[in-house]
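Given chain Z's structure and the hints, the job is docking chain E onto it.
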Amino acid sequence: MSSTVPRGGRLLHRTLTFDLPGAAFDPPGAPLDPRRWTELMAQVRAVRAEGPLSAAVRAGAWPVTGRQHDELAHQHRATMALALLLERELLELDRALTTAGIEYRVLKGPAIAHLDERDPSLRAFGDLDLLVPSAQVPDTVRLLEGRGGHRRFPEPRPGFDRRFSKGASFWFHDQLEVDLHRTLCPGPFGLALPLDRWWSLPAVRYELGDREVAALPRPARFVHACLHAILGQARPRPTALRDLALTAPRDATELATAVALVGPEGALPVRDAVEAAASLLGWSPPVELARWSREVRGTSRAVRWRATYSGAHRSSARLALVGIEAVPGVRDKLAYAGAITLPRRSATRPLDRWRRGAAGLVPIRR
Amino acid sequence: MAASSADAVRLIRQPTLARSVDGGLLLVAVHGRAEPVLVADPGAQVWGLLDTPRTIADVVDAVVARFDGDPDVIEHDVRNLLDALRAEGLVAPA
Numbered sequence: 001m002s003s004t005v006p007r008g009g010r011l012l013h014r015t016l017t018f019d020l021p022g023a024a025f026d027p028p029g030a031p032l033d034p035r036r037w038t039e040l041m042a043q044v045r046a047v048r049a050e051g052p053l054s055a056a057v058r059a060g061a062w063p064v065t066g067r068q069h070d071e072l073a074h075q076h077r078a079t080m081a082l083a084l085l086l087e088r089e090l091l092e093l094d095r096a097l098t099t100a101g102i103e104y105r106v107l108k109g110p111a112i113a114h115l116d117e118r119d120p121s122l123r124a125f126g127d128l129d130l131l132v133p134s135a136q137v138p139d140t141v142r143l144l145e146g147r148g149g150h151r152r153f154p155e156p157r158p159g160f161d162r163r164f165s166k167g168a169s170f171w172f173h174d175q176l177e178v179d180l181h182r183t184l185c186p187g188p189f190g191l192a193l194p195l196d197r198w199w200s201l202p203a204v205r206y207e208l209g210d211r212e213v214a215a216l217p218r219p220a221r222f223v224h225a226c227l228h229a230i231l232g233q234a235r236p237r238p239t240a241l242r243d244l245a246l247t248a249p250r251d252a253t254e255l256a257t258a259v260a261l262v263g264p265e266g267a268l269p270v271r272d273a274v275e276a277a278a279s280l281l282g283w284s285p286p287v288e289l290a291r292w293s294r295e296v297r298g299t300s301r302a303v304r305w306r307a308t309y310s311g312a313h314r315s316s317a318r319l320a321l322v323g324i325e326a327v328p329g330v331r332d333k334l335a336y337a338g339a340i341t342l343p344r345r346s347a348t349r350p351l352d353r354w355r356r357g358a359a360g361l362v363p364i365r366r
Numbered sequence: 001m002a003a004s005s006a007d008a009v010r011l012i013r014q015p016t017l018a019r020s021v022d023g024g025l026l027l028v029a030v031h032g033r034a035e036p037v038l039v040a041d042p043g044a045q046v047w048g049l050l051d052t053p054r055t056i057a058d059v060v061d062a063v064v065a066r067f068d069g070d071p072d073v074i075e076h077d078v079r080n081l082l083d084a085l086r087a088e089g090l091v092a093p094a
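Chain order of the listed sequences is Z and E. Just so you know, the numbering used here puts 169 at position 169 of the first sequence, and the rest follows in order with no gaps. Just so you know, the numbering used here puts 80 at position 80 of the second sequence, and the rest follows in order with no gaps.
In isolation and in its complexed conformation, chain E is listed as follows:
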């Protein structure tokens, strides 16, 4: 997957309220009016990684190290997840 300038941006979790539920983490951003969203278990681990600022590549590397699977597929999934988390106001550039 081709890298872009956006890949150099370090992302970090935004102030969030969370609950552990069957199947993952239920999250809602403190600021704004977004509804709670369920982040399924592997995604919840990505969420956990973003307690410190990381680039997309950092996150992908960490996930590849934890999970078996095709790195390209993992990267694709991580990018989609991070896009969704940004859209919900749950992560943002550090």
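Okay, chain Z solo, but in the shape it has when bound:
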């Protein structure tokens, strides 16, 4: 697994075990030399992992020089300031979505910070991620655009958002970003998730400012953290590994709920994520989760799909193409294939089209 650890990653992973149940925290015995500290801070900034390191330093558990202390404190304050601004935006969105009758669940950092970390200052985040029911995606897109959101990529074909899309990203004038999700991960695994089961689970509500916002229950937060950790990019995402360890099923009931949410194919990436957290963070999963994880073999489809998410051949174009297999029904397959291969001309700017085309050519050229 060491080949998947980015430069400086081992130290980064050690910082992420602070205050993490099931993991042994292993700080250095003395402040890092300037070169290693600079490498570590670059890693920390890249994945927004300031929280655990800052908490470890404040607790006197991670030795630093005065200069390192000040640099980290400044960086942590900056990330927490962004988190507060995003949470204020979340409150406004909650009002707007509730008024419009749109159900939502806040995902990832904002929910983990308040529901799973000992203190929300342990979890930084750089955007808001909201899951909405497929049928309400178009209304939510209109609502976000009506609030001044600029969509990063246009809808490839009418109806694509509601039927097939992972979601859409919106930038706002104040540089805040909101990611709208129809499903929980890109590509075939996202298309194959039994979303009706996710929406059948009651929301968990937590207090934020003067309101309560809606999040997924813990087993669903765990599954999403696993999918995000292992399928979100070619290498496991360090902060998502911590998230999955924090949200791991605590008993057989929670484990059964989590397993039901992934469907037959989704068990494989969840297993891989659990193994990555164990390997990279030195985390010991709860006994029942560890036993389940050992027994997962993965369907042949899941093994084939899984390969498209990792390594140098990963590309969004390739994920989209493999996703055809995950779309049920011939008519839907045709509609999906048409949308991803022949998007409306207005749906892609020339540069986007070139980029997508180039990305799709990579595996062919090799």
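Derived from the structure by calculation, the hints contain no laboratory data. C-beta atoms are modelled at their ideal positions from N, C-alpha and C, and glycine is treated no differently. It cannot be assumed that every hint is accurate.
As the list claims (entries may be wrong) - Taking CB as the label site, the calculated pair distances span:
1. Gly-148/Z to Ile-12/E: 44 to 52 Å
2. Gly-159/Z to His-31/E: 36 to 44 Å
3. Phe-172/Z to Ile-12/E: 36 to 44 Å
4. Ala-135/Z to Thr-52/E: 24 to 32 Å
5. Thr-52/E to Gly-148/Z: 23 to 31 Å
6. Thr-38/Z to Ala-87/E: 32 to 40 Å
7. Thr-38/Z to Ala-8/E: 51 to 59 Å
8. Gly-146/Z to Ala-34/E: 21 to 29 Å
9. Glu-145/Z to His-31/E: 20 to 28 Å
10. Asn-80/E to Ala-260/Z: 53 to 61 Å
As the list claims (entries may be wrong) - Pulled a few chain Z residues facing chain E out of the computed Cβ check, cut under 8 Å:
11. Ser-54
12. Arg-58
13. Leu-85
14. Glu-89
15. Pro-120
16. Asp-210
Just chain E, lined up with the frame of chain Z:
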């Protein structure tokens, strides 16, 4: 320090989002467009006191009881802090 009619006003925290950071509390008002501000540690304790309505004198008395120092200096600092918190929309009359 001379008391004014404003001293009789009881202040209370407004809906706020907060984070504990090195050196104090980072706060931002839920309503409005103010930027987050850092309230250094002694000030964070004043902020903590305002979870129930208190007059300025109540707050000063509580702080004097907690910290060593010249009561006049403490009162001066508390008044400045409360003015700043009001300007940021973080506290308001109850």
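Hints, one by one, checked against the model:
no.	hint	result
1	Gly-148/Z to Ile-12/E: 44 to 52 Å	violated (33 Å)
2	Gly-159/Z to His-31/E: 36 to 44 Å	holds (38 Å)
3	Phe-172/Z to Ile-12/E: 36 to 44 Å	violated (31 Å)
4	Ala-135/Z to Thr-52/E: 24 to 32 Å	violated (45 Å)
5	Thr-52/E to Gly-148/Z: 23 to 31 Å	violated (38 Å)
6	Thr-38/Z to Ala-87/E: 32 to 40 Å	holds (38 Å)
7	Thr-38/Z to Ala-8/E: 51 to 59 Å	holds (55 Å)
8	Gly-146/Z to Ala-34/E: 21 to 29 Å	holds (24 Å)
9	Glu-145/Z to His-31/E: 20 to 28 Å	holds (24 Å)
10	Asn-80/E to Ala-260/Z: 53 to 61 Å	holds (57 Å)
11	Ser-54	holds (6 Å)
12	Arg-58	holds (6 Å)
13	Leu-85	holds (7 Å)
14	Glu-89	violated (11 Å)
15	Pro-120	holds (6 Å)
16	Asp-210	holds (4 Å)
The structure fails to meet hints 1, 3, 4, 5 and 14 from the earlier list, while all remaining hints are met.
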